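S.K.: Letter by letter, the chains look like this.
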Amino acid sequence: MTEAIAFLPPRADVLARRAEILADLRELVPPGRLVEENNALVPFETDGFIAYRRRPLAVVLPETTAQVAAVMKYCHRYGIPVVPRGAGTSLSGGAIPQEDAVVLGLSAMTRILDVDYANRTATVQAGVTNLAISDAVGSDGFFYAPDPSSQLACTIGGNIGMNSGGAHCLKYGVTTNNLLGVKLVLVDGTVVDLGGQHLDSEGYDLLGLVCGSEGQLGIVTEATVRLLAKPEGARPVLFGFESAEAAGSCVADVIGAGIIPVAIEFMDKPAIQICEAFAKAGYPLDVEALLIVEVEGSEAEMDAMLASIVAIAKTHGVKTVRECQSATEAALIWKGRKSAFGATGRIADYICMDGTVPLSQLADVLKKTAEIVDRYGLRVANVFHAGDGNMHPLILYNINDPQDAAKAEAAGMEILKLCVDAGGCLTGEHGVGIEKRDLMRHQFSDIDLAQQMAVRSAFDEGWILNPSKVFPLEGRG
Amino acid sequence: MLTPATETEASDIIRAHAEIRTPIHIRGGGTRAGFGNLVNAAATLSSSGLTGITAYNPAEMVMTARAGTPVAEIEAALAANGQGMAFEPMDHRAVMGTTGTPTIGGLFAVNSSGPRRFTAGAARDHLLGIRFVNGTGELVKAGGRVMKNVTGLDLVKLLAGSYGTLGFLTEVTFKVLPTPKTTATILISGLEDETAVRAMAAAMSMSVEVSGAAHLPESVRGRFLGSTLPEGPVTVLRLEGLAASVAVRADKLEAAMTGFGPVTRLGADESEVLWREIRDVAPYADSTDRPLWRVSMAPSRGHELVAGLRLRAGVDAFYDWQGGLIWMRMEADPEADILRHGIRSLGGGHATLLRANPEIRTATPAFEPQSRPVALLSERIRGKLDPHGIFNPGLMTSGVSR
Ligand SMILES: Cc1cc2nc3c(=O)[nH]c(=O)nc-3n(C[C@H](O)[C@H](O)[C@H](O)COP(=O)(O)OP(=O)(O)OC[C@H]3O[C@@H](n4cnc5c(N)ncnc54)[C@H](O)[C@@H]3O)c2cc1C
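Chains A and B supply the protein sequences, listed in that same order.
Per the UniProt record's numbering, the first sequence starts with residue 1, numbered consecutively.
Per the UniProt record's numbering, the second sequence starts with residue 1, numbered consecutively.
Fair warning: there could be bad hints in the mix.
Said to hold, decoys possible - When the alpha-carbon atoms are kept at most 27 Å apart in a straight line, the in silico DSSO-like pairs for lysine-lysine are as follows:
hint, chain 1, residue 1, chain 2, residue 2
1, A, K73, B, K384
2, A, K230, A, K269
3, B, K181, A, K417
4, A, K314, B, K181
5, A, K319, A, K280
For the record, the hints were derived by calculation from the structure and aren't laboratory data.
Predicted model only: the values in this text are computed from it and were never measured.
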């Protein structure tokens with residue numbers, strides 16, 4: 001384990017008052033909703049960014065907005081830091097607590113409050129999982145579009161916190177494009193409704209600001225999201241290429257030709273091998289890069305679109321073309337891709353990076369990524385959303401070897417800087433969290449950052465919400 | 001009129017005004033002049049010296065342009081590559097009775113979106129990055145030029161639709177998409193508002209990807225397509241895409257809609273004209289300044305609002321966005337209180353007064369009043385971007401509702 005990333009020092013006065021604070025919190029939530037025993041706190045020490053962990057002061061798991069408001073009001077009054085948490089699947093350490101913080105977990109708020117097909121909206125509590133929304137409306141022919149690979153576990157509140165995306169967001173957009181309203185508890189316990197079942201909230205777009213704010217602006221307790229009618233059919237095709245460049249320019253030409261598939265996923269050779277060994281999806285092992293391109297619509301439409309895409313792939317010397325003949329085959333192709341993280345975890349520890357680059361820079365950034373990782377004597381596997389330039393290099397290392405871990409972290413940071421230098425950004429969907437906090441100055445000038453921090457302060461003057469995250473620790477105000 | 005030719009000049013001008021606390025009216029092409037609450041400012045700062053497309057790579061579906069670039073120039077460059085702005089920005093000139101050249105900065109500053117907004121997203125959903133000068137003269141950048149970006153707070157969304165009250169945009173980077181190859185429109189005749197709303201909801205729950213759903217009551221029908229639409233109220237549903245798929249989908253949609261009323265179909269050319277007229281609010285581009293409202297509500301509730309209002313006021317209305325966007329023209333008074341009360345009692349939404357005579361505009365808040373905590377929060381945010389309140393003072397201020 002490395003400790004390269006600093007946390008704010010815990011406030012001694014808060015630590016000293018722990019017993020008192022626990023007693024007060026006990027009054028604010030129903031029995032069993034306050035976690036205080038050391039052993040019970042362990043699961044909340046970290047999230048999907050397991051290299052760092054901190055034991056929180058306490059964890060509360062409220063059941064209602066009123067309880068959330070009461071806890072916020074209390075913590076605000078005494079200046080106690082609060083770390084909002086959904087399922088804790090963040091890969092950037094966004095939900096990792098600190099010793100003087102109360103973790104405010106929304107995982108007990110799992111009710112679907114309203115499904116309205118006439119308006120195509122669902123209103124749910126923040127702890128409802130992403131997949132549960134689609135499951136609730138699937139048999140009626142609807143779905144909720146953003147589909148992070150963690151969708152079985154992650155909550156809609158966490159999705160809003162991170163503005164999560166998924167494989168299909170090339171066509172359907174990310175969370176912010178599918179979110180209509182939230183109930184938000186402000187830092188002092190005030191409850192506000194932003195947006196609703198209508199489009200474009202009045203006044204400033206506070207909803208847009210809250211989405212992706214990583215628990216910095218308030219606590220989301222309910223969300224109203226857009227539902228979509230399911231497409232008639234969907235079909236993925238698998239393409240194998242001799243080089244990453246060929247695959248990359250194929251993607252550019254497909255988009256340039258005016259075809260927007262619902263998903264374009266990219267895997268490099270190491271990723272293909274890892275996923276194939278695990279999922280037995282029938283991926284070709286003799287190619288350097290693989291694309292999964294999915295289209296939607298009626299049979300006739302899909303035939304027409306795929307014919308164009310295949311023709312374009314041929315101009316880039318595609319080696320393997322596998323069109324699915326059945327739903328089983330389609331599911332298998334996706335199984336390989338969707339299990340990429342899990343399959344990689346079976347062969348090694350890894351950190352998953354998440355930078356974005358302009359499409360024209362993809363091939364070059366991939367090449368330089370390989371060089372960086374090579375220089376540190378590590379290995380990398382790349383799987384990512386190619387349609388929107390969102391890269392996910394998985395850097396493999398040995399978590400029990402502190403030197404190895406430090407190298408992996410350093411290589412990761414170099415890759416993210418590379419993305420920024422190529423005209424991209426530090427994170428496309430996993431967030432800044434603690435992981436990329438200290439790189440923010442690489443992407444933003446002091447003025448840019450100060451402006452963001454000033455807006456943050458308009459919501460939370462005392463910086464008690466998730467304070468060690470997102471913004472560099474110095475220069476706040 | 002102050003017309004900086006560079007970002008640095010813009011910064012200097014704004015800093016100088018901030019130092020002496022002198023308000024500035026920010027202006028693009030002025031096509032929305034007369035909109036919002038009246039602004040009292042001695043100076044006008046124009047983006048018209050900041051022009052030109054600075055980057056455009058069709059294969060990346062991204063364009064960057066300086067804020068004062070005419071929208072027409074942007075659209076021409078995009079059209080040459082078979083691309084466009086999927087959110088269909090509206091042209092306010094006819095309905096606002098203005099002339100001038102709409103600018104791309106102004107378009108994003110007002111978050112202008114048209115009929116496709118309810119499926120494709122608003123202007124703000126397509127805005128990826130901005131450069132702007134804040135109220136102390138600092139040049140700030142936010143966002144970037146990639147489709148996915150969650151690096152820090154999304155100031156891009158905050159500035160979109162802020163009507164020049166938070167910063168002076170100098171450059172915008174936005175997502176563009178291939179323009180649909182062809183278009184067709186299904187017309188259903190004779191539906192009362194309520195039935196029409198049900199028909200539109202039914203169409204939207206099908207997998208045919210309807211990209212426009214509007215209802216044109218009898219009172220406005222004659223103002224579209226040179227009065228050639230069939231008799232009675234018409235409900236219109238748009239399909240777009242490759243020719244083969246539009247044909248297949250249109251058959252399917254037609255079959256499903258015959259249960260509601262007689263169905264006919266418009267081809268590509270007429271469809272394009274019709275949807276442009278809907279987008280630009282053609283029926284109320286009537287060279288008057290009779291009060292015109294733009295209301296956004298849950299699609300299923302819009303017709304209830306109109307029905308309730310009709311009992312108490314002289315109102316004419318038609319619906320876009322599946323019934324959720326209501327364009328409403330009042331016969332005499334703006335009826336702001338009845339209207340806004342009606343919206344609240346039907347589950348919420350907002351009404352914006354787009355047009356009215358000067359007397360009414362002074363007396364009626366143009367924007368929907370906000371709840372007290374949201375209004376306070378908005379003021380605090382404005383204080384962080386424009387601490388001396390020099391940009392368009394008063395333009396968006398609308399008081400507190402509840
Ligand atoms: C195997 C795996 C695959 C993944 N794949 C993807 C992917 O494809 N796309 C993607 O975008 N992400 C992915 N992620 C990352 C992660 O799942 C997402 O960021 C997810 O949205 C986090 O949800 P959560 O409920 O676990 O939130 P948490 O991890 O608990 O919290 C995430 C952030 O949101 C804040 N937060 C949580 N709930 C609230 C609330 N109610 N109000 C305010 N703030 C809140 C937290 O403070 C924190 O900053 C993946 C993670 C894993 C482990």
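S.K.: Could you run down the list of hints and mark each one as holding or not?
M.R.: Status of the hints after comparison with the structure:
Straight-line distance between C-alpha atoms of A:K73 and B:K384 comes to about 24 Å, which keeps the hinted pair within the 27 Å bound. A threshold of 27 Å between alpha carbons decides the hint, and for A:K230 with A:K269 the separation of about 33 Å lies outside it, so the pair is violated. For the proposed pair B:K181 and A:K417, the alpha carbon gap of about 40 Å is over 27 Å, so the pair is violated. Using a Cα cut-off of 27 Å, the hinted pair A:K314 and B:K181 holds, with the two alpha carbons roughly 24 Å apart.
At roughly 20 Å between alpha-carbon atoms, A:K319 and A:K280 fall within 27 Å of each other, so this suggested pair holds.
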